Amino acid sequence: MNNSKTKIWHYILPVLSVLFMLGIWTVLASSKNSLVPTPYETAVRFWDICIHPISKATLPGHLWASLRRVLIAFAFAIVLGISLGVAFGWNKYFRAVVNPVFELLRPIPPIAWIPLVILWCGIGELPKVVIVFIGSFVPIVINTYSGIKEIDPLLINAGKILGANHRQLLWEITLPATMPAILAGIRTALSSGWMCVVAAEMIVARQGVGHLIVQGQGSGDTALIVANMLVIGVVSMLLSTILSKLEGVLCPWQFSNKK
Amino acid sequence: MEMKAKEKKKKALILGLNFLGLIIFFVLWELSVKLGWVSSKTLVPPSTVVKTFIYKLNNTSPDGSTLPKHFWTSLKLALSSFIVAVIIGVPLGWVMGYYKVASLVLTPIFEILRPIPPIAWIPIIILTMGIGMPAKMFIIFVSAFVPCVINSYLGIRLTDPVKINVAKTFGANDWKIFTTVCIPSSLHMVFTGIRLSLNNSWTTLVAAEMLAGTSGLGYMIQLGRTLIRPDIIIVGMITIGMTGALMNFLLSRLEKKITPWRNGDE
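Chains A and B supply the protein sequences, listed in that same order. Per our numbering: the first sequence = residues 1 to 259. Per our numbering: the second sequence = residues 1 to 266.
Worth flagging that the hints you see were computed from the coordinates, not collected in a lab. Here the structure is a predicted model, which is why all the values come from computation and not from measurement. A few of these clues could be false.
What the hints assert, rightly or not - For lysine-lysine, the following PhoX-like pairs were computed, each having C-alpha atoms within a straight-line distance of at most 20 Å:
id: 1; chain 1: B; residue 1: K10; chain 2: A; residue 2: K149
id: 2; chain 1: A; residue 1: K92; chain 2: A; residue 2: K149
id: 3; chain 1: A; residue 1: K149; chain 2: B; residue 2: K11
id: 4; chain 1: B; residue 1: K8; chain 2: A; residue 2: K92
id: 5; chain 1: B; residue 1: K41; chain 2: B; residue 2: K100
id: 6; chain 1: B; residue 1: K11; chain 2: A; residue 2: K92
id: 7; chain 1: B; residue 1: K34; chain 2: A; residue 2: K92
id: 8; chain 1: B; residue 1: K100; chain 2: B; residue 2: K163
id: 9; chain 1: A; residue 1: K7; chain 2: B; residue 2: K8
id: 10; chain 1: B; residue 1: K34; chain 2: B; residue 2: K51
id: 11; chain 1: A; residue 1: K92; chain 2: B; residue 2: K100
id: 12; chain 1: A; residue 1: K160; chain 2: A; residue 2: K149
id: 13; chain 1: B; residue 1: K9; chain 2: A; residue 2: K92
id: 14; chain 1: B; residue 1: K6; chain 2: A; residue 2: K92
For reference, chain B alone in the conformation it holds in the complex (with noise of 0.2 Å):
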């Protein structure tokens, strides 16, 4: 009983230095610059961005939209690339992990390709699509294919050959084992591998809306730069590190609904 209380204490203890951590974090952010020992030019207090992130919501100045809208784009662009990308890239990598043949051939392109940083692509694609939808739908694909391929691939060729031997001795089939066997247990790395694409194709977005957009959450914060709105750009991180968190608070719900097998190990 005694144990527990103490248990319980320590807890509680835990949750108020949690909290004195961001009480902390946020005083000193809104002294540092109240106090002036930083320019309001290079860095606005959290009260600014609270105002700034409400003013936001339903105003389009200084940047040419409101805060939903280039949350919108951003987010449509990002799913939609990275959906088409999954779709395509774990068959692929299943494919290749399973049959020698794809493997040996395709391999070595997947090797090429994947030290070269997604953002790198971006020079070449704008020059050859120009800077539309297509373009920056195309980039993102880039970036979230080749983990997809990757890790489906290692998940497939890390299945325990004891439980490939199993089913061949009760008979099953290629196919059967493929689907019944290989499929399932790669599963973990598979996600592994969408949860990097995911994030890759985040950031990859926001690159490239850096570099060339008319809208979203990249072009939000770039403008922000070159009106010197810190406020603008705070907002903007906050709402891009938000979002991806969430996206992959979502994924990782999305596993454990998948792969139920595996809640057991954590």
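One chain only, chain A, in its complex shape (with noise of 0.2 Å):
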């Protein structure tokens, strides 16, 4: 009886909080010289977006124009950072003589970059794509790396004595052996890829959601920064859940391995 009563408790306590926050936020934004929206207005906004062009694109134009710089970057942040990070762990000595210049520019924030990149590469789509590819690059190659260096040498070993030549060692041991670290890479680099991206677009572009925030900043449009910042929001949560899920796909035995 107490047990089902606490259960109930669960499903309650969540949903009250946030209406609650919901309702704080009405009445906050409610009062008469309130800068913030309340939530209803902030959706009115959100749908008005979604039909009617802003800036010569709609809501799905503007997100698409952000994706497409992400996943573009993405694409060579992956094949450069797995390709680097396998060459750290496979040869030392080519470790020791690019490693310094890597950890010399690591600690730069990718944002601290974007005054550069666009002196380099002017205000087109090329500066948002480099930028992104600097955020997401540098988590993908310290994951492989390090993902590498903790296989197992039982696993190398095994290859070894059963005679797997160099490319098989890489491509059927040590690759599939690196894959939950590398995944685990990939997951930082996307999330600080989306942030990158909001931020490029927010300092110079004339689309994307970074610039529709900004561009609600220079009219004092409110509502269209906080539903932005919502849209932002729930497209990294379902960039993170598409990773998980593709986690399960490509590395089962990581899950098998828990039950």
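Join the two chains, each given in its own frame, into one complex according to the hints.
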């Protein structure tokens, strides 16, 4: 009896708390000279930009502009990042030469690259892609390398004893065994890349969800800002959900181990 | 004996290669501008960067403040909001992790706020609070607060149940379990959160200064872009990067001091 009662609370309390938050938001935003839009105004504005173009595109258009930048940069970051990480793990001497430079550049936040990248690549599509690339490349390299370092030596030795050559050792043992670490890196990289595209678009762009936020700031349209913040949050959540689904497909042994 | 000598030789070789890498990098950089492979409008050689760095140490042109002044403005702002976020966020995370009711009420709110990148908060905060100190402090607070709470929460939830049961068997009460078992065992996660917070607050600060500021390192590099002064931008980037790395280093030293029992693991 007691048990089922507490279970009900498990469902009711979160809903209550979200409702309570919406309530406080409404009350705060409804006072006379508040700049913050109410949840209702935000929802209306959201629907409005979905069907009426703003800055020459509707919200889905802007969203696609941002996502396209992330996806292009991401494809490069995955290929080059995994290659560099594997090369670091594979050859000590190569790592000794390249790593100091990598460590030198790593602490610079991707956002601090924006002015220099704009100076180099102008204000078209390229600078945004480059900035997202910088933001997502680093975590992939680091995770791939640390994944390779932590491979069970038993696996490698077993492969060697059974007569695997270098290529087989790489493709059939090292890469699958490193997969979970690589995917963890990709997850970090994706959230960092999404943040970078928003930042880059806020600083210089004519399209994209980051641009819409700044446009809202320029015209004092706070409902536009809040609606876009929520869109950015939801997209980031969806991306990470898709990735964890992908993790289950790409390395199922991780999950069967846990059960 | 021979093995040791071999090891030593190998270590020396690696160290040599390390330097070789750096030297190649800087020489290529220097030559690429000097020989005109890259326009000097978009990149300056490292020798010029060093010159500009020394010049900026006590000259205010062209961006209105000296480098140390920009640096202090940024650091003060980032650290003060970061510390406030840690002081409020970590205990809140602990309470959320230990007391079911607090978790049920607060978790959904954090799950909604978490995926929004801190940078996306900047415009709405600037509109409602202006571009002064309080607005910037609030932006950094938001960016640093969320990872602190979530990681401290996870740290408590991941406490080994065996340890809790042992404490219960020995007659510890709820409060005692919370303070002497759960909190110490959560510290590793707490520090992960604090490190994330620190990185977030430093990055967000730079972004905030780039978007709306009249001083600080972010403002300096943004102005460097407007004035097409790559040397100013690179000096700013290096200062930002070094400061971030230094803060991270100090934090990991602090972590080792506070949780000495973990040092054996590594």
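Straight-line Cα separation of K9 of chain B and K92 of chain A no greater than 20 Å?
-> Measuring from Cα to Cα gives roughly 14 Å; hence the hint holds.
20 Å limit on alpha-carbon distance, applied to hinted pair K10 of chain B and K149 of chain A | holds (19 Å)
Given the hint that K160 of chain A pairs with K149 of chain A, does the C-alpha gap stay at or below 20 Å?
-> Holds - the C-alpha atoms of K149 of chain A and K160 of chain A are around 17 Å apart, at most 20 Å.
Under the criterion that the straight-line Cα-Cα distance not exceed 20 Å, is the pair K11 of chain B, K92 of chain A satisfied?
-> Satisfied, since the Cα-Cα distance of roughly 11 Å is no more than 20 Å.
Assess, step by step, whether the Cα of K100 of chain B is no farther than 20 Å from the Cα of K163 of chain B, and give holds or violated.
-> Distance of about 19 Å is within 20 Å: holds.
Please work out if K92 of chain A and K149 of chain A have their alpha carbons no farther apart than 20 Å.
-> holds (11 Å)
Is the Cα-Cα distance between K7 of chain A and K8 of chain B 20 Å or less?
-> violated (63 Å)
Are the Cα positions of K34 of chain B and K51 of chain B separated by 20 Å at most?
-> This hinted pair holds, its Cα atoms lying about 16 Å apart.
Is K149 of chain A close enough to K11 of chain B, meaning Cα to Cα at most 20 Å?
-> It holds: about 18 Å lies between the C-alpha atoms, which stays within 20 Å.
Agreement of K92 of chain A and K100 of chain B with the hint, judged by alpha carbon distance not exceeding 20 Å = Judged against 20 Å, a Cα distance of about 49 Å means the pair is violated.
Given pair status - K92 of chain A, K8 of chain B, alpha carbons within 20 Å | holds (15 Å)
Distance restraint between K34 of chain B and K92 of chain A, which requires alpha-carbon spacing of 20 Å or less | Given that 20 Å is the threshold and the Cα spacing comes to 32 Å, the pair is violated.
When held up to the earlier numbered hints, the structure conflicts with 5, 7, 9, 11 and fits the remainder.
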